[in-house]
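Got chain A sorted already, so can you dock chain B with the ligands onto it with the hints?
Protein chains in written order, with my numbering: chain A, 1 to 421; chain B, 1 to 440.
Just so you know, these hints were derived from the structure itself, not from any lab. We put the beta carbon where it would ideally sit given N, CA and C, even for glycine. One or more of the hints may lead you astray.
[To be verified] Here are the simulated distance ranges between beta carbons: (1) B:ALA311 to A:GLU309: 55 to 61 Å; (2) B:PRO313 to A:GLU309: 33 to 39 Å; (3) B:THR196 to A:GLY373: 36 to 42 Å; (4) A:GLY196 to B:ILE306: 28 to 34 Å; (5) A:SER386 to B:PRO400: 38 to 44 Å; (6) B:LEU39 to A:GLY373: 40 to 46 Å; (7) A:HIS361 to B:ALA311: 35 to 41 Å.
Given next are the chains, with one letter for each unit.
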Amino acid sequence: MSTDDESMYATPDEEHRRLLEETGYDADLGMEMARDAQKVSAGDLSEVEFYRRYHDRILEEFDVDDREVDLPDPDEVDSGDVNAIDRIEGAFEGIGETLRGVDGDESESRRSVMKKGAAAAALGLGGLGSAGATTGGDDGAAGAGGGDDGEGTRWGMTINLNNCDGCLACMVACDQEHNLSEGANWMYVFAFEDEGQGEQENFLPRTCQHCTDSPCTKVCPVGARHTREEDGLVLTDYDICIGCRYCEVSCPYGVNYFQWGEPDVPESEIDDDHQIDDRGRWVGSRPPEGVMGKCTFCVDRQDGQMGEEKVGTTACEEACTMDAIHFGDLNDPESPPNQHLEEYRSGQENDLEEFPNRKEHTVSTFKLMEERGTEPNVQFIGNEPSPHAEQVEGPVAYEDMGITDNRKEVLDRGADGGEEA
Amino acid sequence: MSVDVTGVDRETLVRPIQTFTKRYLAALAVAFGLIGVWLFFYVQQLQHGLIVTNLADWGSGGGVPWGLYIGAFIWWVGIAHGGIILSAAVRLLGMDTYQPVARLAELLTIAALTCAGVFILIHVGRPDRLVTSVLPAWPTRVQWSPLMWDVTVITAYFVLTATYLALTIRYDVHRLRDRLPNVLEPVYRVITVGYTEKEDQVVERMVWWIAFAIIIMAPLLLHGGVIPWLFSLLPSMAGWHGGVQGPSFLSIALTSAVSGIIIISAAFRYAYGWDELIPDTVFQGLAKWLGFFSLIFLWLQLQQVITGIFAAPTTLQHATEVKIATPLYWVAIGLVALAMLYAFATSLRPELYDIRVLVGMSVAVLFGTLAEKVLFVVEGLQHAHFDLYAGVPGAYIPSPVEISAVLGTVGIVVLFFLVVSKVIPVVELHAIEDHEEVDA
Ligand code: SF4
Ligand code: SF4
Chain A
1 MSTDDESMYA TPDEEHRRLL EETGYDADLG MEMARDAQKV SAGDLSEVEF
51 YRRYHDRILE EFDVDDREVD LPDPDEVDSG DVNAIDRIEG AFEGIGETLR
101 GVDGDESESR RSVMKKGAAA AALGLGGLGS AGATTGGDDG AAGAGGGDDG
151 EGTRWGMTIN LNNCDGCLAC MVACDQEHNL SEGANWMYVF AFEDEGQGEQ
201 ENFLPRTCQH CTDSPCTKVC PVGARHTREE DGLVLTDYDI CIGCRYCEVS
251 CPYGVNYFQW GEPDVPESEI DDDHQIDDRG RWVGSRPPEG VMGKCTFCVD
301 RQDGQMGEEK VGTTACEEAC TMDAIHFGDL NDPESPPNQH LEEYRSGQEN
351 DLEEFPNRKE HTVSTFKLME ERGTEPNVQF IGNEPSPHAE QVEGPVAYED
401 MGITDNRKEV LDRGADGGEE A
Chain B
1 MSVDVTGVDR ETLVRPIQTF TKRYLAALAV AFGLIGVWLF FYVQQLQHGL
51 IVTNLADWGS GGGVPWGLYI GAFIWWVGIA HGGIILSAAV RLLGMDTYQP
101 VARLAELLTI AALTCAGVFI LIHVGRPDRL VTSVLPAWPT RVQWSPLMWD
151 VTVITAYFVL TATYLALTIR YDVHRLRDRL PNVLEPVYRV ITVGYTEKED
201 QVVERMVWWI AFAIIIMAPL LLHGGVIPWL FSLLPSMAGW HGGVQGPSFL
251 SIALTSAVSG IIIISAAFRY AYGWDELIPD TVFQGLAKWL GFFSLIFLWL
301 QLQQVITGIF AAPTTLQHAT EVKIATPLYW VAIGLVALAM LYAFATSLRP
351 ELYDIRVLVG MSVAVLFGTL AEKVLFVVEG LQHAHFDLYA GVPGAYIPSP
401 VEISAVLGTV GIVVLFFLVV SKVIPVVELH AIEDHEEVDA
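Bound conformation, chain A alone (with noise of 0.2 Å):
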């Protein structure tokens, strides 16, 4: 991994402390907690260990009662018990969203949301639900980062290219479900023709590719783009970003869209749970004036902020009718797309008897210039633009649908042409 996603402000643990103490709850408990709860994680401490040792402390600081969540009495939990397991997990889930949701007030600040949020992070409550929810029991969530080791959960696409037809429904879904300012094309569609492929029309729908050795992660000054540890997303920290714009310089795919003015969407209408993430950082939806933005494989959906139903599932993949989008974790077999890709691939012919020496399918895939060393975290279903493709009009114009292409036209109409970029 290339970047550190621990915070950079001092050492984590004054860190979490810092952040623990304008809680306004007790410090040391969080503290102590937040140890142990490591020492979960790696497996030195059982779940019911764990539980054991803070439930009576927990209810006095946090009134959590039996009422809000289920919590079994300690004395009565035995390590062999699977269900109680699931039960204590389960209640402090419930106590990590307590915790997040302290004066439950709907019009609390942003950044009191976000100090909670981080709160909960230090306190490991958010990582050990998480732990089991998304590895399937597997320990080692503190440390699966995004990594192609095949632990944890790691975030990609399979984008068939022979079922897309172009008619750019994602480009639309992305750009309202994140609030994007007029030609900021997080999801783009190419439709180009290619040498040798006579006047047929290809179609190429690009997001970021969530490399997992990504350029603009190493070039960052100042850590704000960043792979997250606990999926491979690779992120921009609207908090930190000094709007260099070295990352987008550094992409090889061009995928980032500076906001060079201010936003058409004003902050007061975006929702802190599109913005914040489980961690607490300011992730989500649109960037501020003078700050980088790219796709965030819609980072509030894949942590349950947009409801359970949402995980692994992303604007654009909703909005393709033609079944050419499939999201999901790439260290899952399961998933949407390793699945299409399997059966995708068994679905095509392939006369072994007759011709013993083909290989297993006959299907061509492809990452975008796999050769620049980012493993990309997209493959492709289809053929590859040669280096000799060119972008043509597609069947469906970007202004019909309400997009700006160039959205350099935009950026000259300048800061008061009407409508700001």
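Showing chain B with the ligands alone in chain A's frame:
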């Protein structure tokens, strides 16, 4: 080859400090005017954001995200690096001929680095976060981000140069104190705090070592290292890649710096009648260096063009073809080539030498190197390896806001020299008196 300027007296040396002319006021007005023009435009950027520039996103966005600001940043850093390298070489190799302009070169370094800093400040989208985001990130990011390497090395280098200057200035101020204005007494007291003549020997050795460090660092780290690495390490753009960028950047830095020193030295000579203090031999020598560095500059450009068009990979070939089809590129190359020819011609036929022509050539060279740097950045961004986008190559012509910043920084350099020359001697005492003489 040393020239003897030791006949010049101390009065001449402190002339800028002791006079106050209308011409000085006029120069001051020009400096403030240039800075004012820039501030007028810059206020718009503060109000509306970077949208007032002509920058845009590359990719579907049809623009380039880095432009004149970054080009000018490299240009100023180049002038700064070149300036201090030349001054260090003078000290290290004992090239006494250039002693009268050594301090001007060091001061130019400080001024140019300041301008480079200004360009970073106005380039970023959130200048308000430069301290709060960069400082805490430094320990974890410095091993990764070339931009962080740059910030680190440039800061280190600023400190080195300032130390270097401070050490040598103490010596002069102490000895010329009786000729310096009393109103500035507090300043001089700070400059010479704790000074005793016993430190001279130690300081001389320190200065030698600092000069040595600068010469070693120059190709490895400074303009032959971290600055080109900002570009040449990226996997995205065809025209930026390759090891030739280091030497190429360094050659441009040295060419620009000699030009800058020629212009500033000539300005002081003209303004204060310093024909004896900075004699023609100094300029003739500088002209030879200008010719030599221009030659290296042109040679490295040739390397890039030839390797870029003869059986090069598709994207690099395309980038190079576009580069050599750009008229501005040839203007830049032409100006540097012209300066080179003039410089070599004057050394063959001294009667061709005219200080006004030399200054004109220097201005032309600075224009050429700025143009080359901006083209390097912009055209680099126009030729991504992934060029399926109809919006690639993106379009870019700097906006008035951006152009005004170049004028503003020139104003800052002029203002800097006007102010500094009223406080400390801009030519060091050693230029006119040998050590023994000074202390006699
Ligand atoms: S596609 Fe570009 S922005 Fe996205 S992770 Fe890769 S390098 Fe970074
Ligand atoms: S624009 Fe922001 S995210 Fe991108 S490299 Fe610069 S500071 Fe990092």
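Subject >> Hint check against the structure, violated hint numbers in rising order >> reply: 2 and 3
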